Every structure is written in C-alpha cells, then in structure tokens.
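Chains A and B, in that order, give the protein sequences. Residue numbers 1 to 235, in our numbering, belong to the letters of the first sequence in order. Residue numbers 1 to 235, in our numbering, belong to the letters of the second sequence in order.
Don't read these hints as lab results, they were simulated from the structure. Treat the hints with care, as some may be off.
Unchecked claim - Computed spacing ranges between beta-carbons, pair by pair:
#  : chain 1 : residue 1 : chain 2 : residue 2 : range
1  : B       : Pro203    : A       : Ser60     : 52 to 62 Å
2  : A       : Arg6      : B       : Gly209    : 35 to 45 Å
3  : A       : Arg82     : B       : Lys216    : 26 to 36 Å
4  : B       : Ala94     : A       : Gly141    : 28 to 38 Å
5  : A       : Arg6      : B       : Ser49     : 28 to 38 Å
6  : A       : Gly154    : B       : Lys216    : 51 to 61 Å
7  : A       : Gly207    : B       : Ser91     : 45 to 55 Å
8  : A       : Gly141    : B       : Glu90     : 34 to 44 Å
9  : B       : Ile92     : A       : Ala4      : 18 to 28 Å
10 : A       : Pro64     : B       : Gln3      : 25 to 35 Å
11 : A       : Ser184    : B       : Arg210    : 15 to 25 Å
12 : B       : Thr192    : A       : Gly61     : 33 to 43 Å
13 : B       : Ser184    : A       : Ile30     : 37 to 47 Å
Stated by the list, open to error - Restricting the straight-line Cα-Cα distance to at most 27 Å, the calculated cross-link-like pairs of lysine-lysine (DSS-like) are:
#  : chain 1 : residue 1 : chain 2 : residue 2
14 : A       : Lys216    : A       : Lys159
15 : A       : Lys119    : B       : Lys117
16 : B       : Lys216    : B       : Lys159
17 : B       : Lys119    : A       : Lys117
18 : B       : Lys117    : A       : Lys117
19 : A       : Lys216    : A       : Lys232
20 : B       : Lys232    : B       : Lys213
21 : A       : Lys117    : A       : Lys213
22 : A       : Lys159    : A       : Lys213
Remember, predicted model here, so these are calculated numbers, not experimental data. Where a beta carbon is used, it is the ideal one built from N, C-alpha and C, also for glycine.
The chain contents come next:
2 protein chains.
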Amino acid sequence: MAQAVRALFFDVFGTLVDWRTSIARETRAILAPLGYFLDWFAFADAWRSEYQPAMEEVRSGRFPFCRLDVLHRRNLERILERFNVGGLSESILAELNLGWHRLDGWPDSAPGLARLKRKFIIAPVSNGNISLMVDLARRNGFPWDAILGSEIAGDFKPKPRVYLAACEALDLAPSACMMVAAHSNDLSAAATCGLKTGHVARPHEYGPGRGEKSPKLEVNAAAGNLEDLAAKLGA
Amino acid sequence: MAQAVRALFFDVFGTLVDWRTSIARETRAILAPLGYFLDWFAFADAWRSEYQPAMEEVRSGRFPFCRLDVLHRRNLERILERFNVGGLSESILAELNLGWHRLDGWPDSAPGLARLKRKFIIAPVSNGNISLMVDLARRNGFPWDAILGSEIAGDFKPKPRVYLAACEALDLAPSACMMVAAHSNDLSAAATCGLKTGHVARPHEYGPGRGEKSPKLEVNAAAGNLEDLAAKLGA
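Could you build the full structure based on these sequences and the hints that come with them?
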C-alpha cells in the first residue's frame with residue numbers, strides 16, 4: 001500500500017448485517033399472526049434471490065435507476081405469489097418491505113466500526129438506499145461519517161460508477177480508499193476501479209456454512225470479522 | 001404541528017459553526033508565517049461576502065453546479081488580489097481553501113446534536129459539499145445520520161430542490177422534516193417547500209452583535225442555542 005488509506009467503504013448486506021435471520025424473523029412476525037406458516041428461511045432466501053436479477057435490469061440499462069426499496073417491493077410481490085400468500089393489505093405489504101430496514105448487525109460490526117472510525121473516514125457503499133442505510137445505522141449504532149453508495153451514484157454495484165462516486169464525494173483518489181466486503185465479486189470490481197480491498201469472512205451469511213470463508217482474489221487485507229480488520233489496519 | 005417531525009435538517013455555516021473566527025484564525029496561521037499581516041477578520045468577511053454571489057451564478061443557471069470547495073477557491077483568488085497577496089504556491093492556496101474544513105462549532109452544537117439525535121434523524125442540509133461536511137463533523141463530533149444538502153441536490157439553497165431532495169432521500173414528507181437555521185431566509189425558503197422551521201439565535205455570527213437574535217418570520221420553534229432547541233422539541 002504505497003498510498004495511505006484514508007477512507008473505508010463498506011458493503012452492508014451480509015458484510016455488516018445478517019439479512020437472512022433478520023428477514024426470516026421480521027417476515028414471520030408480520031405473517032404468522034395472520035395465519036401463515038411458511039418456511040421463513042426459504043422465504044428470506046427466495047426474496048434475496050430476486051435481488052441480483054432486479055438490479056441487473058438497471059445495470060444493463062433496460063430499467064432506469066430506482067431505489068432498492070422499490071426493487072425489494074416488486075420482488076416481494078413476486079415471492080408472495082410463489083408462496084401462495086395473497087390479498088395482503090397495502091399497509092402489510094409496506095411493513096413487510098420495511099423489514100429490510102430492521103436488519104441486525106453481526107455482533108462485531110458496531111464495535112469494529114467504532115474502532116475503525118478513529119483512524120479512517122467510514123461510509124457504507126451499499127446498493128441500499130439512503131433511508132434504508134440510515135435506519136440500519138440507527139438500529140445498530142453504525143457511526144457512519146456519510147452515507148454513500150447506489151443512491152448518490154444512480155447505479156448499482158458492481159458497476160464502476162458506484163465505487164468512483166464514493167471516492168469523488170470524499171475528494172479522495174481511489175487508491176486512498178478501501179472497499180470492505182464479504183463478497184469477492186464486490187472487491188474485484190472495486191479493485192478494477194483502483195480501490196484497495198479488505199475481505200471480511202462471513203461463513204454463515206446464506207445459512208450454516210454457506211458464505212465466503214476467505215477471499216477468492218488477492219486482497220490488501222483479509223479478516224475474520226470487523227474487530228480483526230481494525231487490528232490488521234492498526235486502528 | 002399536526003404531523004410529527006421525524007427529521008431535523010441543519011444549516012451549518014453560522015448555525016452550527018463559527019466560520020468567521022475560524023477562517024480568521026486559519027488564514028492567519030498560514031499567511032502570517034509568510035510575512036503577511038492583514039486584518040484577518042476583514043479577510044474572512046471579504047471571503048464570505050463572495051459566497052452568495054458565487055452561488056447565485058449557479059442558482060440562476062448561468063453556471064452549472066459545482067461543489068462549494070470549487071467556488072471557495074475561485075473566491076479566494078479574487079480576495080487575495082484585493083488584499084494585495086500574490087504569488088502563493090498551489091499548496092498554500094489549497095491549504096487556505098481547506099480552512100473551511102477546519103471550522104469550529106459553537107460550544108452548544110455538538111452536545112445539542114447528540115441530544116437531538118436520540119429523538120430525530122439529523123442531517124446537515126448545507127450548501128457545503130460532502131467532504132467538507134464530513135471533515136467538520138469529524139473535527140467537532142457532529143453525529144450525523146447522513147450528509148444531505150447541495151451536493152446530492154445539484155443546486156444551492158435557497159432553491160427548493162435542496163430542501164426537497166433531503167426529504168426525498170429520507171423518504172419523508174416535507175411536513176415530517178424541520179429545517180433548523182440561524183438565517184430567516186433559509187427558513188422562509190424551507191417553509192415554502194412545506195418543511196417545518198426552527199430558528200437558532202446566533203447574534204454574533206458576523207462579529208459582535210452582528211447576527212440574527214430572533215427570527216424575522218413565524219417559525220415552529222425559536223431557540224437560543226441547540227441545547228435550548230433540544231429542550232423545546234422534547235429531546
């Protein structure tokens with residue numbers, strides 16, 4: 001690392017928060033009282049499986065950019081049909097969709113970020129929209145310096161614009177910024193834009209034993225969790 | 001206030017930070033060692049007096065939007081000439097311009113924001129750019145939930161787009177947002193967009209006795225400082 005890193009950019013879904021357990025819990029809390037008994041983890045997985053295809057329509061230019069909240073809602077309606085859930089009221093649908101604003105952080109996320117903030121500017125560079133990021137930060141105590149990511153870039157990762165818009169917003173060269181994620185494809189795209197890379201292992205993101213234990217590419221730092229990353233970056 | 005306020009938007013220059021004393025100090029710290037002895041407060045006032053005319057070129061559509069850092073730099077070069085300061089190196093000019101990233105908060109700003117954050121989402125809605133807001137927040141301990149304002153809106157206050165883009169980013173109705181400022185014209189423009197308004201007295205912003213002691217329009221809350229505002233808003 002010739003140039004010193006000044007800012008750390010964080011992927012959020014999976015890297016900082018456990019979307020799978022949280023969405024299963026949130027969905028159950030709303031639908032079980034209405035008499036539905038689904039495989040809640042399967043529901044969470046199905047909803048998440050629509051995530052990349054929906055963003056791909058935007059990334060490819062077939063759809064104009066819109067916030068992730070809007071894509072989540074469209075995906076929700078598809079998944080409900082598949083699980084034979086119908087006739088929900090608008091307020092229930094809205095409440096289900098806001099489940100993505102109530103995800104819980106991994107236990108090391110908030111203390112790790114607090115430690116990293118002492119040495120680095122820290123910001124999410126997520127595909128989530130600003131209001132979603134604000135709600136997750138307030139719920140989990142993520143002490144962001146700014147909310148960057150898809151909404152200020154007008155596109156979704158791994159498109160280069162998202163990483164470069166974040167560097168630009170902080171007036172920093174890409175080489176002074178590090179992307180931190182539990183997903184090698186995110187880090188690979190960031191590296192192509194000239195950013196440094198930090199991998200965090202989340203081996204259970206998609207369920208027990210279903211997550212990246214280690215990076216699939218060469219990275220500037222590889223850590224077992226955010227506190228470990230702080231130690232490795234001298235924060 | 002029929003609809004409950006969920007978010008507070010803050011003006012920054014003058015409302016949260018004492019730009020005049022800070023710029024006089026920062027400019028002196030850089031130029032005095034080079035042998036210049038200016039009226040440092042007059043220099044700060046002159047630099048600030050170019051602020052509205054520069055933004056007006058953008059607001060009127062004569063110039064495309066650019067970050068405040070860029071306008072500050074152009075204004076700096078004009079003012080230096082007026083004060084007969086010439087031949088400064090690029091690194092000195094850049095350092096002078098970064099003086100705006102090193103402004104000190106009024107004593108009540110950080111504790112008042114910490115208190116208000118417990119009840120409300122808080123964000124700057126300033127004409128300053130994101131990196132400037134981040135630097136001021138890290139220097140002064142302003143615990144923002146997000147950095148909103150001119151850079152995400154692509155225009156400068158008091159243009160309606162800046163207030164409305166902030167509401168939009170948080171997915172809130174304007175009536176669920178309150179603009180907080182020490183300047184009645186800022187509050188008047190926000191009210192026109194449907195936001196609620198909070199005035200903070202900063203009677204010495206432009207020098208002893210030269211600042212707004214009270215609002216020049218009807219507001220939803222008028223406070224002597226940010227701690228007083230927190231008390232008045234029940235935070």
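Taking the hints in turn, this is what the structure says about them:
For Pro203(B) and Ser60(A), the Cβ-Cβ distance of about 56 Å falls inside the hinted range of 52 to 62 Å, so the restraint holds. Under the hint 35 to 45 Å, the C-beta atoms of Arg6(A) and Gly209(B), about 41 Å apart, fit the expected range. For the pair Arg82(A) and Lys216(B), the supplied restraint of 26 to 36 Å is violated, since their beta-carbon distance comes to about 59 Å. Our hint of 28 to 38 Å for Ala94(B) and Gly141(A) holds, since their Cβ atoms are close to 36 Å apart.
Checked against the hint of 28 to 38 Å, the C-beta distance between Arg6(A) and Ser49(B) comes to roughly 33 Å, which is consistent with it. Taking the beta carbon of each, Gly154(A) and Lys216(B) are about 38 Å apart, not inside 51 to 61 Å as hinted. Look at Gly207(A) against Ser91(B): about 54 Å separates their beta carbons, and that is inside 45 to 55 Å. Between Gly141(A) and Glu90(B), the C-beta spacing of about 41 Å keeps the proposed range 34 to 44 Å intact.
Taking 18 to 28 Å as the suggested C-beta distance range, the pair Ile92(B) and Ala4(A) conforms, at roughly 22 Å. Our hint of 25 to 35 Å for Pro64(A) and Gln3(B) holds, since their Cβ atoms are close to 30 Å apart. For the pair Ser184(A) and Arg210(B), the supplied restraint of 15 to 25 Å is violated, since their beta-carbon distance comes to about 58 Å. At about 37 Å, the CB distance of Thr192(B) to Gly61(A) agrees with the hint of 33 to 43 Å.
Distance hint check: the CB atoms of Ser184(B) and Ile30(A) are about 45 Å apart, consistent with the given range 37 to 47 Å. For the suggested pair Lys216(A) and Lys159(A), the alpha carbons sit about 19 Å apart, so the restraint of at most 27 Å is met. Restraint check for Lys119(A) and Lys117(B): the C-alpha separation of about 23 Å stays at or below 27 Å, so the hint holds. Proximity of Lys216(B) to Lys159(B) is assessed by CA-CA distance (about 19 Å); at most 27 Å being required, the pair is judged to hold.
With a CA separation close to 23 Å, the supplied pair Lys119(B) and Lys117(A) stays within the 27 Å bound. Between the alpha carbons of Lys117(B) and Lys117(A) the distance comes to roughly 19 Å, so the proposed pair stays at or under 27 Å and holds. Distance hint between Lys216(A) and Lys232(A) is fulfilled; the C-alpha atoms sit about 19 Å from each other, no more than 27 Å. Among the hinted pairs, Lys232(B) with Lys213(B) is consistent with the structure: their alpha-carbon atoms are about 17 Å apart, no more than 27 Å.
The hinted pair formed by Lys117(A) and Lys213(A) meets the criterion: a straight-line CA distance of about 25 Å does not exceed 27 Å. Under the criterion of a C-alpha separation no larger than 27 Å, the hint pairing Lys159(A) with Lys213(A) is consistent with the structure, at around 24 Å.
Of the numbered hints stated above, those contradicted by the structure are hints 3, 6 and 11, listed in ascending order.
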